[in-house]
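Residue strings, one per chain:
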Amino acid sequence: MNTLHEFALRMGDNVLVLGHRVSEWCGHAPVLEEDIALANSALDLIGQTQLWLGLAADAEGSGKSADDLAFLRDAWDFRNALLCELPNGDFGQTLMRQYLFDAWHLIMLGKLTSSSEERVAEIADKAIKEVSYHVERSRDTVIGLGDGTEESHARVQAALDYLYPYVGEFFVSDKVDEAAARAGIAPRLEDLRGAYDLAVAETMSEATLKLPESEFAHKGGRTGSMHTEHLGHMLTQMQWLQRAYPGATW
Amino acid sequence: MYAQMVKSTGKGVKSRDEMSPEEAAFQDRIDADIKIEPKDWMPDGYRKTLIRQIGQHAHSEIVGQLPEGNWITRAPTLERKAILLAKVQDEAGHGLYLYCAAETLGVSRDDLTEQLLDGRMKYSSIFNYPTLNWADIGAVGWLVDGAAIMNQVPLQRTSYGPYSRAMIRICKEESFHQRQGYDIMMKMAQGTEAQRRMAQDALNRFWYPSLMMFGPSDKDSVHSAQSLAWKIKIDTNDELRQKFVDQTVPQAEYLGLTIPDDNLAWNEEKGGHDFSEPDWSEFFDVVKGNGPCNKDRLDARNKAWEDGAWVREGLLAHAEKRAARKTAAE
Ligand SMILES: [Fe+2]
Ligand SMILES: [Fe+2]
Ligand SMILES: [Fe+2]
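These protein sequence lines are chains A and B, in that order. Using the working numbering, read the first sequence as starting at 164 and increasing by one per residue. Using the working numbering, read the second sequence as starting at 94 and increasing by one per residue.
Derived by calculation from the structure, the hints in this document are not laboratory data. Where a beta carbon is used, it is the ideal one built from N, C-alpha and C, also for glycine. Keep in mind that a hint or two might mislead.
[To be verified] Now the stretches of chain A that chain B is said to cover, found in silico as 3 or more residues with beta-carbon under 8 Å: (1) 183-194; (2) 206-215; (3) 234-245; (4) 262-268; (5) 309-317; (6) 404-410.
Produce the entire structure from the sequences given, and follow the hints as far as they go.
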């Protein structure tokens, strides 16, 4: 097992898949400032994808590029958390998904800045600046919509109920995660849960939203044993040109 | 050019004798290249014409996100996707600067938006054409941003201060877009057989609509004469179109692509190219709402606006609650 490769794939696929989802909003946001902010978030996430998948490709050492990994793998080889591939739904669902991810991402990147692996620490250093801004914005929006009108409250509560069962996956380690933790590449995932729960509870309380009581967690995205049906459709679109015209340079 | 056939007063340019003392002083400032600022006195016609022009330009930036957004989820590499995202983000930003410039003339962004959504105000005809293959994204940057720059570079010197400053910021980014578009075209033109075919197909479809961006000849237009006198228009449509053709022909040659015009030829005497006019009846159809994408574009903008109503209302309600809590706490 190539721990660094596997670890970088997991980080990279999260931001690739989520960045793609966010980019689907382009030109359709509720207000011009949100069009700008969504495009900007997607851009940051795709930029981070280039770094993580570049690292994954190098660690694999088979001469593949970040683009090969993004555009020429099928769903079963994707290692993103399921949360990232879930559909945009309405704007509330998109921003709730973003917040639940950003809150984890910020804590994770914070730990990764002291990774034993220099390139991991470098990527984390760069990404954390962008992600601090992402979480500030997604948090404010979740609070604004939760504590807004009756309708906006009901919509983001429904989004939270739908998305929350996909959060647990971020904190469950398998062999790859354990090896990454042992090597000092990454923190133990279970150790991030306390800080995450605290941050999310505070946000949801300010947003007057109720966290679902069930502890049930969907999983399988990060290990590749399970995905939702949504991922395949995303890939048909994302990978179409590369698949239809193999070997072309773009 | 993102503003087409902007109507001015329609009365023709006043002679010095016909001007009131205020109007004469105003015209003197313009002639001396002194910028007009929001608080300055200005003729009603100047204000209204500018609102129409800046508003149409802003709407074009906003609707212009759609044909390019159409390919963001299919961009063939991570880098291309990032570049396209950055570009579309820039365009939304241009819309924002321009709405802000229009607001200094006493019209709100929401008011302008309503007028776009119900069809009272227009956006550039070019965005009613579809993007059908990846090379279209190259062609849009190369030709559409290229034509926009042709018009907007002189507008940096326009008489209205906020508009001029918006143009200066925008032009920097537009030239970046044009280079990136041309870079896509290069890759496609030097690529596989299929890619070359996409590139030529994109040029075939975008050539005449790009020429239409400058609007029909306005050498006899009273509206344009007034706008020229007020320096909210700097060159005539034909002058800009000629410059655009002269700039673009060698670029197409360099790509090894053929401009779809049999009459295209260098004319030594005028020092420019002869070329065919676009089909102006098609142009007027598009302006009337009958272009290939008019309905889709307006429907998409209306849907975004309606679907987003609950978000805008929610965030506004929250801001009001917070303000009330803050006052109560003081
Ligand atoms: Fe623009
Ligand atoms: Fe533009
Ligand atoms: Fe542009």
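Status of the hints after comparison with the structure:
1. Counting residues of the stretch 183-194 of chain A whose C-beta lies closer than 8 Å to any C-beta of chain B gives 9; at least three are required, and the coverage claim holds.
2. Coverage of a stretch by a chain is defined here by at least three residues with a beta carbon nearer than 8 Å to that chain's beta carbons; for the stretch 206-215 of chain A and chain B the count is 5, and the condition holds.
3. Interface restraint, the stretch 234-245 of chain A with chain B: violated (1 residues with C-beta to C-beta distance below 8 Å; minimum three).
4. For the stretch 262-268 of chain A, the assignment as covered by chain B is violated, since 0 residues bring a beta-carbon within under 8 Å of that chain's beta-carbons and 3 are needed.
5. A stretch counts as covered by a chain when three or more of its residues have a beta carbon under 8 Å from one of that chain; for the stretch 309-317 of chain A and chain B the count is 6, and the coverage holds.
6. With a threshold of 8 Å between beta carbons, the proposed coverage of the stretch 404-410 of chain A by chain B holds, since 4 of its residues qualify and at least three are required.
In this structure, the earlier hints numbered 3, 4 are contradicted, and the remaining ones agree with it.
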